[in-house]
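A.B. asks: Listed below are the residues making up each chain.
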Amino acid sequence: MNFLAIRYLLSKKRQTILTLIGITLGTAGYVAISGIMLGFQTYLLDQFINSDCHVRIQARDEPVDEKFVRETLFDEGAKINWIAPPSGRRGEDNIENVPAWTERLDRDPRVEAYALQLNYPVLTQFAKITTSTQLIGMSPEDFLRVSKIEPYVTHGSFMNLSKGAFQIMVGEDLLTKLGARIGDSILLSLGQKGSQAFKIIGTFRFGMRNKDEGTIYGRLADVQTLNHSPSKVSSIAVRLIDTDNSLEFAKEASGRSKELVQSWEQINENTLSVFKTQDIVRYSMTIAILVVAGFGIFNVLSMTVTQKRKEIAILRSIGYEPTDITGLFLTQGTILGFVGGALGLLIGYLICVMLSHIEVTPGRALGMGHMLISFEPKTYFIAFCCAFFSSAISSFIPARGAGKMEPMDIMRSDG
Amino acid sequence: MKIEAKGIRKSFGQPQQEVLHGIDFIIQSGEFIALTGKSGSGKSTLLYTLSTLDKPTAGKVFYDDEDTSIWDTQKVHRFRNQKTGFVFQFHYLLPELNVIENILLPAMKTQSQETYRKRGMELLDIFGIADKVNRFPGQLSGGEQQRVAIARALVMKPRVLFADEPTGNLDTYNGDLVMNLLKKINQEEKTTILLITHDPDFAKLAQRQIHLVDGRVNGTAI
Numbered sequence: 069m070n071f072l073a074i075r076y077l078l079s080k081k082r083q084t085i086l087t088l089i090g091i092t093l094g095t096a097g098y099v100a101i102s103g104i105m106l107g108f109q110t111y112l113l114d115q116f117i118n119s120d121c122h123v124r125i126q127a128r129d130e131p132v133d134e135k136f137v138r139e140t141l142f143d144e145g146a147k148i149n150w151i152a153p154p155s156g157r158r159g160e161d162n163i164e165n166v167p168a169w170t171e172r173l174d175r176d177p178r179v180e181a182y183a184l185q186l187n188y189p190v191l192t193q194f195a196k197i198t199t200s201t202q203l204i205g206m207s208p209e210d211f212l213r214v215s216k217i218e219p220y221v222t223h224g225s226f227m228n229l230s231k232g233a234f235q236i237m238v239g240e241d242l243l244t245k246l247g248a249r250i251g252d253s254i255l256l257s258l259g260q261k262g263s264q265a266f267k268i269i270g271t272f273r274f275g276m277r278n279k280d281e282g283t284i285y286g287r288l289a290d291v292q293t294l295n296h297s298p299s300k301v302s303s304i305a306v307r308l309i310d311t312d313n314s315l316e317f318a319k320e321a322s323g324r325s326k327e328l329v330q331s332w333e334q335i336n337e338n339t340l341s342v343f344k345t346q347d348i349v350r351y352s353m354t355i356a357i358l359v360v361a362g363f364g365i366f367n368v369l370s371m372t373v374t375q376k377r378k379e380i381a382i383l384r385s386i387g388y389e390p391t392d393i394t395g396l397f398l399t400q401g402t403i404l405g406f407v408g409g410a411l412g413l414l415i416g417y418l419i420c421v422m423l424s425h426i427e428v429t430p431g432r433a434l435g436m437g438h439m440l441i442s443f444e445p446k447t448y449f450i451a452f453c454c455a456f457f458s459s460a461i462s463s464f465i466p467a468r469g470a471g472k473m474e475p476m477d478i479m480r481s482d483g
Numbered sequence: 051m052k053i054e055a056k057g058i059r060k061s062f063g064q065p066q067q068e069v070l071h072g073i074d075f076i077i078q079s080g081e082f083i084a085l086t087g088k089s090g091s092g093k094s095t096l097l098y099t100l101s102t103l104d105k106p107t108a109g110k111v112f113y114d115d116e117d118t119s120i121w122d123t124q125k126v127h128r129f130r131n132q133k134t135g136f137v138f139q140f141h142y143l144l145p146e147l148n149v150i151e152n153i154l155l156p157a158m159k160t161q162s163q164e165t166y167r168k169r170g171m172e173l174l175d176i177f178g179i180a181d182k183v184n185r186f187p188g189q190l191s192g193g194e195q196q197r198v199a200i201a202r203a204l205v206m207k208p209r210v211l212f213a214d215e216p217t218g219n220l221d222t223y224n225g226d227l228v229m230n231l232l233k234k235i236n237q238e239e240k241t242t243i244l245l246i247t248h249d250p251d252f253a254k255l256a257q258r259q260i261h262l263v264d265g266r267v268n269g270t271a272i
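As they're listed, the protein sequences go chains A and B.
Sequential numbering from 69 applies to the first sequence in the working numbering.
Sequential numbering from 51 applies to the second sequence in the working numbering.
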């Protein structure tokens with residue numbers, strides 16, 4: 069009956085083409101929108117996972133309040149009258165027992181690498197311009213094993229940091245903001261603790277303004293010296309062998325320690341929830357489009373079935389069975405779904421290819437300043453399945469109706 | 051193929067109204083029967099009941115002494131496909147298919163269109179429309195369309211042909227042509243033919259007439 073189904077479709081070219089356009093647009097829309105959104109998400113995820121770390125261990129922000137003082141200093145049930153209730157914060161934000169942590173991380177088979185860091189805000193001064201930035205002290209060898217940061221380096225190399233004292237890598241935007249050049253020395257000051265000149269030996273660009281404008285990387289020892297706190301560590305960046313273990317690892321480690329242990333998912337929770345919203349929007353749009361296309365097929369086939377009543381009767385009288393008749397109309401729907409879906413994938417793919425050539429602010433994203441578009445096969449698979457099955461389902465109802473028609477009922481009602 | 055009707059009754063509608071009030075007759079294999087009677091006498095209902103397209107409310111139809119009421123649906127469909135042919139007042143050709151495809155439609159059911167292609171061409175030749183084999187129904191005259199419909203009914207070499215006023219929409223010339231073709235098929239292929247007609251002249255071409263009055267057989271004439 070496939071032959072006849074195709075003839076039916078070809079004989080109603082306009083109707084067939086209009087229905088196909090509906091399915092094709094729905095499918096192409098899904099592919100294109102998914103390409104854009106997933107491309108963006110992949111880019112951000114790559115930054116979360118690779119430009120930083122999988123798990124970060126840092127001192128817990130502990131407020132000193134009434135409850136804290138009561139629990140620490142007094143027996144349970146003690147009656148306390150405050151003149152003024154205590155309020156404050158623990159003075160130190162360093163990790164207390166670093167050797168215990170490193171020993172533990174060395175033992176854990178899930179850990180690929182870790183890097184000790186000391187981070188704190190500094191005032192950056194060059195000529196007459198002053199701006200505040202985050203200074204990150206780390207050992208370059210360890211840090212490069214934890215963060216896959218090399219692709220973002222635009223000049224110089226992190227490894228060179230260990231070749232001399234008081235050298236730094238800075239974000240490109242910071243360089244522009246200060247009006248400095250590579251090779252210049254800038255003054256980093258830490259309030260009363262004094263200041264120190266650092267030489268700029270390289271730059272990086274993540275494509276995120278706050279990072280590119282506000283981050284400086286230096287050697288751990290130098291940063292500790294500036295802070296007058298040798299051996300102080302404020303956080304440990306950990307890279308796991310399998311990224312998917314991050315959350316589990318963080319929860320497990322956090323439960324047993326004084327420090328706050330967070331996975332990249334927890335650190336970037338807000339952004340990830342935006343991804344979820346994006347996904348919901350993406351799926352709802354597609355469902356809406358495909359439902360419209362599905363109704364198109366339903367209408368067209370229902371009309372065809374009504375128009376073809378006499379032909380159904382004749383087919384039944386020459387021995388075609390109800391299943392043949394159902395098949396005849398179901399085939400038309402599935403052909404429309406198949407062809408529309410395939411065309412949609414092609415057009416969606418072409419749109420994605422075109423979009424991926426659109427230039428965005430140079431260096432604002434990976435991919436040599438072009439828009440990042442995802443070409444994930446899963447998207448194409450989902451798009452095709454949606455088109456195909458929504459067509460099949462919406463043609464099933466009229467098709468089954470056609471199969472149920474009895475030839476004599478048709479003849480009698482039509483005279 | 052011998053057809054036997056035993057006590058056929060058929061009722062329709064709510065409340066039930068009986069259209070056929072117990073019909074008994076035997077049609078011998080190879081007979082050409084004209085079913086006559088006024089409008090509403092139950093001719094068409096009887097024809098479709100005999101052909102298995104419709105089920106009698108009571109009574110039974112036998113083909114070569116086989117009780118059709120116990121056939122399963124598969125057998126009924128196979129029977130319609132292989133053993134019977136239908137011609138209606140209107141041709142009911144599929145406008146999307148050309149002449150030969152329309153004729154081979156019954157054979158397509160069993161994927162045997164190639165086996166019957168030669169037979170289809172022969173029928174077109176006999177019916178004088180061999181040159182129209184690739185035309186579409188819309189490009190044919192009414193008479194030609196009906197001849198294609200008859201070819202479609204005959205392509206599987208059915209043992210019985212049911213014809214419901216096949217000349218009803220045709221002019222005299224084409225009507226005669228169609229009747230002569232039916233007669234020829236009946237004689238040459240020994241196909242049993244059951245024909246409904248209002249035209250007494252055409253009825254006379256049959257070997258025997260079964261005349262219905264108000265759902266009862268009112269005499270047969272030869």
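Calculated from the structure, these hints are not laboratory results.
Treat the hints with care, since some could be wrong.
Once the Cα atoms are required to be at most 25 Å apart in a straight line, the calculated SDA-like pairs of lysine to any residue come out as [what the hints assert, rightly or not]:
| id | chain 1 | residue 1 | chain 2 | residue 2 |
| --- | --- | --- | --- | --- |
| 1 | B | 182 | A | 75 |
| 2 | B | 234 | B | 161 |
| 3 | B | 182 | A | 446 |
| 4 | B | 240 | B | 263 |
| 5 | B | 105 | A | 476 |
| 6 | A | 472 | B | 240 |
| 7 | B | 234 | B | 266 |
| 8 | A | 135 | A | 120 |
| 9 | B | 110 | A | 476 |
| 10 | B | 168 | A | 71 |
| 11 | A | 446 | A | 113 |
| 12 | B | 240 | B | 126 |
| 13 | A | 378 | B | 71 |
If we take Cβ atoms under 7 Å as the criterion, some of the chain B residues that face chain A in the derived model are [to be verified]:
| id | residue |
| --- | --- |
| 14 | 98 |
| 15 | 112 |
| 16 | 133 |
| 17 | 156 |
| 18 | 159 |
| 19 | 166 |
Listed below are several chain A residues computed to face chain B (Cβ distance under 8 Å; list not exhaustive) [to be verified]:
| id | residue |
| --- | --- |
| 20 | 76 |
| 21 | 79 |
| 22 | 82 |
| 23 | 141 |
| 24 | 188 |
| 25 | 379 |
| 26 | 382 |
| 27 | 385 |
| 28 | 387 |
| 29 | 389 |
| 30 | 472 |
| 31 | 475 |
Don't be surprised by glycine CBs; every beta carbon is placed ideally from N, CA and C.
A.B. asks: Going through the earlier hints one by one, which of them does the structure break, listed in rising order?
C.D. replies: The structure conflicts with hints 2, 3, 4, 6, 7, 8, 13, 15, 16, 19, 22, 23, 24, 30, although it agrees with all the remaining ones.
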